[in-house]
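Each chain is listed here by its residues.
Number of protein chains: 2
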Amino acid sequence: MIYALAMLQKTYLMSPGPTTVPAEVLAAGARQVIHHRGSEFRELMGRCLERLRDVFRTEGDVLVFTASGTGAFESAVANLFSPGDRVLAVTAGEFGDRWIAMAKAYGLDVHELRYAWGETPRPSDVAERLRETGAGTAFVVHSETSTGVVCDLEAIAVEARSAGALLVVDAVSSLGAVPVETDAWGLDVVVSGSQKALMTPPGLSFAAVSQAGWQRAAEASLPRFYFDWAKLRKALEHGSTPSTPAVSVVAQLDVALGLLLDAGLEAAFARHAALGRACREGAKAMGLSLFSPDEERSAVVTAIRVPESVDARELVRSLRDRFGITVAGGHGELASRVFRVGHIGHYDIFDITTTLAAVEELLVEAGAEIERGVAVARALEAYDQPARV
Amino acid sequence: MIYALAMLQKTYLMSPGPTTVPAEVLAAGARQVIHHRGSEFRELMGRCLERLRDVFRTEGDVLVFTASGTGAFESAVANLFSPGDRVLAVTAGEFGDRWIAMAKAYGLDVHELRYAWGETPRPSDVAERLRETGAGTAFVVHSETSTGVVCDLEAIAVEARSAGALLVVDAVSSLGAVPVETDAWGLDVVVSGSQKALMTPPGLSFAAVSQAGWQRAAEASLPRFYFDWAKLRKALEHGSTPSTPAVSVVAQLDVALGLLLDAGLEAAFARHAALGRACREGAKAMGLSLFSPDEERSAVVTAIRVPESVDARELVRSLRDRFGITVAGGHGELASRVFRVGHIGHYDIFDITTTLAAVEELLVEAGAEIERGVAVARALEAYDQPARV
Numbered sequence: 079m080i081y082a083l084a085m086l087q088k089t090y091l092m093s094p095g096p097t098t099v100p101a102e103v104l105a106a107g108a109r110q111v112i113h114h115r116g117s118e119f120r121e122l123m124g125r126c127l128e129r130l131r132d133v134f135r136t137e138g139d140v141l142v143f144t145a146s147g148t149g150a151f152e153s154a155v156a157n158l159f160s161p162g163d164r165v166l167a168v169t170a171g172e173f174g175d176r177w178i179a180m181a182k183a184y185g186l187d188v189h190e191l192r193y194a195w196g197e198t199p200r201p202s203d204v205a206e207r208l209r210e211t212g213a214g215t216a217f218v219v220h221s222e223t224s225t226g227v228v229c230d231l232e233a234i235a236v237e238a239r240s241a242g243a244l245l246v247v248d249a250v251s252s253l254g255a256v257p258v259e260t261d262a263w264g265l266d267v268v269v270s271g272s273q274k275a276l277m278t279p280p281g282l283s284f285a286a287v288s289q290a291g292w293q294r295a296a297e298a299s300l301p302r303f304y305f306d307w308a309k310l311r312k313a314l315e316h317g318s319t320p321s322t323p324a325v326s327v328v329a330q331l332d333v334a335l336g337l338l339l340d341a342g343l344e345a346a347f348a349r350h351a352a353l354g355r356a357c358r359e360g361a362k363a364m365g366l367s368l369f370s371p372d373e374e375r376s377a378v379v380t381a382i383r384v385p386e387s388v389d390a391r392e393l394v395r396s397l398r399d400r401f402g403i404t405v406a407g408g409h410g411e412l413a414s415r416v417f418r419v420g421h422i423g424h425y426d427i428f429d430i431t432t433t434l435a436a437v438e439e440l441l442v443e444a445g446a447e448i449e450r451g452v453a454v455a456r457a458l459e460a461y462d463q464p465a466r467v
Numbered sequence: 079m080i081y082a083l084a085m086l087q088k089t090y091l092m093s094p095g096p097t098t099v100p101a102e103v104l105a106a107g108a109r110q111v112i113h114h115r116g117s118e119f120r121e122l123m124g125r126c127l128e129r130l131r132d133v134f135r136t137e138g139d140v141l142v143f144t145a146s147g148t149g150a151f152e153s154a155v156a157n158l159f160s161p162g163d164r165v166l167a168v169t170a171g172e173f174g175d176r177w178i179a180m181a182k183a184y185g186l187d188v189h190e191l192r193y194a195w196g197e198t199p200r201p202s203d204v205a206e207r208l209r210e211t212g213a214g215t216a217f218v219v220h221s222e223t224s225t226g227v228v229c230d231l232e233a234i235a236v237e238a239r240s241a242g243a244l245l246v247v248d249a250v251s252s253l254g255a256v257p258v259e260t261d262a263w264g265l266d267v268v269v270s271g272s273q274k275a276l277m278t279p280p281g282l283s284f285a286a287v288s289q290a291g292w293q294r295a296a297e298a299s300l301p302r303f304y305f306d307w308a309k310l311r312k313a314l315e316h317g318s319t320p321s322t323p324a325v326s327v328v329a330q331l332d333v334a335l336g337l338l339l340d341a342g343l344e345a346a347f348a349r350h351a352a353l354g355r356a357c358r359e360g361a362k363a364m365g366l367s368l369f370s371p372d373e374e375r376s377a378v379v380t381a382i383r384v385p386e387s388v389d390a391r392e393l394v395r396s397l398r399d400r401f402g403i404t405v406a407g408g409h410g411e412l413a414s415r416v417f418r419v420g421h422i423g424h425y426d427i428f429d430i431t432t433t434l435a436a437v438e439e440l441l442v443e444a445g446a447e448i449e450r451g452v453a454v455a456r457a458l459e460a461y462d463q464p465a466r467v
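Chains A and B, in that order, are what the protein sequence lines are.
Heads up, the first sequence is in the numbering used here, so the first residue is 79 and it goes up one at a time.
Heads up, the second sequence is in the numbering used here, so the first residue is 79 and it goes up one at a time.
By construction, these hints were calculated from the structure, which means they are not laboratory data.
Hints are supplied without guarantee of correctness; some may be wrong.
Note that identical chains are pooled: a pair holds if it fits in a single copy or bridges any two copies.
Below 20 Å or equal to it, Euclidean Cα-Cα: the simulated SDA-like pairs (lysine to any residue) are [unchecked claim]:
(1) 88 - 399
(2) 182 - 160
(3) 88 - 458
(4) 309 - 257
(5) 182 - 428
(6) 182 - 298
Build the full structure now, drawing on both the sequences and the hints.
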């Protein structure tokens with residue numbers, strides 16, 4: 079086997095997060111720690127906040143937490159509500175379900191708009207369920223990492239606003255990969271994390287909060303301290319945080335956001351759209367079917383069904399053990415049927431062709447009839463095609 | 079001025095946290111990110127948990143949070159209590175006050191045992207106030223970073239146990255610097271952070287939880303999700319976490335704990351005791367007085383009063399701007415009267431002499447009458463002295 083010749087196996091992180099971090103961002107993680115109340119940190123954090131506002135496309139506040147994206151989402155629950163408040167949670171996958179579990183843990187009156195995993199939430203359904211339930215807030219996952227579906231957030235925001243509801247958006251895997259127009263679309267709270275399209279190691283998460291969000295927070299009575307927005311905003315205005323932040327990851331975030339914004343957000347959106355297209359077309363060219371609708375918007379992660387004769391868990395394991403390639407498995411019942419390829423952040427077309435070539439190799443070994451090289455060829459071709467509408 | 083010759087100013091982090099991180103630990107922060115559900119991370123986290131148990135000196139569970147120490151402390155509040163539960167909070171400084179504010183934010187019935195800043199909490203007072211109030215839990219700060227005082231935790235634990243109360247300990251700045259015997263002293267919950275004596279950048283924090291802590295948590299009804307102990311323990315048993323952890327900081331922690339344990343915890347305790355002694359003796363030799371009692375146990379940070387004619391804020395600023403030395407100022411009303419020298423973690427006697435030499439230089443410039451060189455000489459001498467009892 080030719081692969082056994084590789085004494086020092088290269089590794090490829092093709093998961094939907096954490097994602098591969100560029101070398102210059104990694105390097106900033108090895109800088110000596112600085113104090114979080116000094117002028118150097120103040121300057122660093124100030125620059126990060128400015129860049130984050132550019133990435134979120136907001137003139138409003140962006141808050142920075144030392145926590146995973148789940149922590150930032152919890153900050154929205156703890157700051158926006160009082161016990162028993164009614165919310166509508168839209169779910170079509172693992173993260174939608176997670177926010178439901180969280181809202182229930184906080185004693186909210188949670189109503190669900192539930193879709194089968196892999197379906198795309200419909201804006202009109204959101205409007206209808208908001209009117210039915212009278213919920214004052216809707217939770218929506220922009221990019222459902224467990225299925226690959228990116229919903230039409232702009233249209234959902236229109237419906238939420240017309241129903242008079244606040245919209246809280248999980249943009250953990252979408253921010254920086256596909257358009258998230260916090261101000262222009264009127265998103266009230268947008269939550270994200272450092273470890274996906276922002277090309278930074280995990281450890282930091284964010285919440286962009288609108289004026290309406292702040293008004294709600296002023297009346298909300300759920301307990302909060304570490305995740306208290308008002309206290310955090312006050313400290314951030316002075317370039318620090320109420321408790322010690324992950325200063326090394328902040329230094330890395332600063333470098334990564336610089337890279338992202340220097341190249342331009344629109345370029346990032348175009349690249350991700352092309353990567354998603356290439357991945358979907360390459361998979362289909364091998365005769366594989368997609369788990370979720372074949373939509374241009376879903377440019378973050380692609381969930382792919384394996385042939386009947388193959389166990390996806392086995393495929394995921396072989397990709398990792400034999401080729402050093404980490405992709406994600408399917409969740410729960412999907413574990414044996416689906417694998418997921420993340421294509422966000424510091425990622426290019428050759429990451430797609432690498433992944434497809436390795437998948438092809440393993441499927442052929444397992445007896446699948448695939449025309450050799452077709453996936454890679456089709457992916458390269460699709461990458462350069464204009465978007466289908 | 080000779081100092082102007084320094085084109086590339088060296089910097090010295092002499093704060094009580096975050097502290098200077100050894101180069102080999104920093105380097106691990108520049109490693110490529112790995113996936114938190116793979117075998118490599120499982121092995122890494124498993125090793126960290128084992129090492130953390132050695133550092134906490136417990137056979138019980140140690141939980142790892144992506145959060146600052148404040149987050150880990152909040153996990154204790156959210157997991158141990160139901161609304162209205164009565165607690166006794168011992169406070170003699172900023173962190174004691176912080177836990178009072180947190181417990182109040184969570185709706186607990188908080189009774190205080192309050193001392194002036196700089197005083198040392200007395201075990202007998204804890205016993206008395208626990209009996210008076212009937213509180214089922216006591217919060218105590220082991221090392222009060224705002225004043226430098228390290229309390230007699232072992233004796234306080236005896237009193238808490240005899241009063242039938244659970245003891246929750248803030249060991250954020252003490253763990254790894256001075257003895258913290260979680261099991262032997264019967265501490266129920268011990269909270270700490272990565273960025274002090276554990277020589278790791280900020281971003282991770284910990285809670286060691288006893289059997290009694292778990293029993294209490296099973297009955298506690300305060301809302302929690304991100305900080306939920308049971309969910310976190312279950313994930314950690316499989317070498318992962320419920321949401322994406324700060325994997326780079328975990329990699330750094332692993333290296334740092336290896337360094338700490340290879341040299342031996344007892345060696346670290348002896349070194350810190352000697353550093354504290356050297357710092358106190360050097361300061362006194364310059365004619366400065368200590369803000370807190372001159373106790374051998376208080377080996378984490380030393381709070382020093384400036385002469386009447388000097389503004390401590392000015393001293394702190396000059397140390398930073400002219401010499402690149404970051405020490406901490408005093409809090410609140412103490413800002414003009416006190417500065418604090420941290421001597422924890424990757425720290426040796428020459429860090430003490432550097433700090434004292436720079437302070438001497440500035441005080442002499444400001445007109446203080448100090449015999450030149452006396453502070454450094456006395457510090458070196460005291461470092462080698464056996465501990466006074």
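Against the structure, the hints:
In this homomeric assembly, residue 88 and residue 399 come within 20 Å of each other (Cα to Cα) only inside a single copy, at 11 Å, whereas the closest approach across copies is 45 Å. For the homomeric pair residue 182 and residue 160, the shortest alpha-carbon distances inside one copy (12 Å) and between copies (16 Å) are both at most 20 Å. For a Cα distance limit of 20 Å, the shortest separation of residue 88 from residue 458 qualifies neither inside one copy, at 22 Å, nor across copies, at 50 Å. In the homo-oligomer, the alpha carbons of residue 309 and residue 257 never lie at most 20 Å apart, since the shortest distance is 30 Å inside one protomer and 34 Å across protomers.
For a Cα distance limit of 20 Å, the shortest separation of residue 182 from residue 428 qualifies neither inside one copy, at 43 Å, nor across copies, at 54 Å. Taking identical chains as interchangeable, the C-alpha atoms of residue 182 and residue 298 lie at most 20 Å apart whether they share a chain (16 Å) or sit on different chains (16 Å).
Hints 3, 4, 5 from the earlier list are contradicted by this structure; the remaining hints agree with it.
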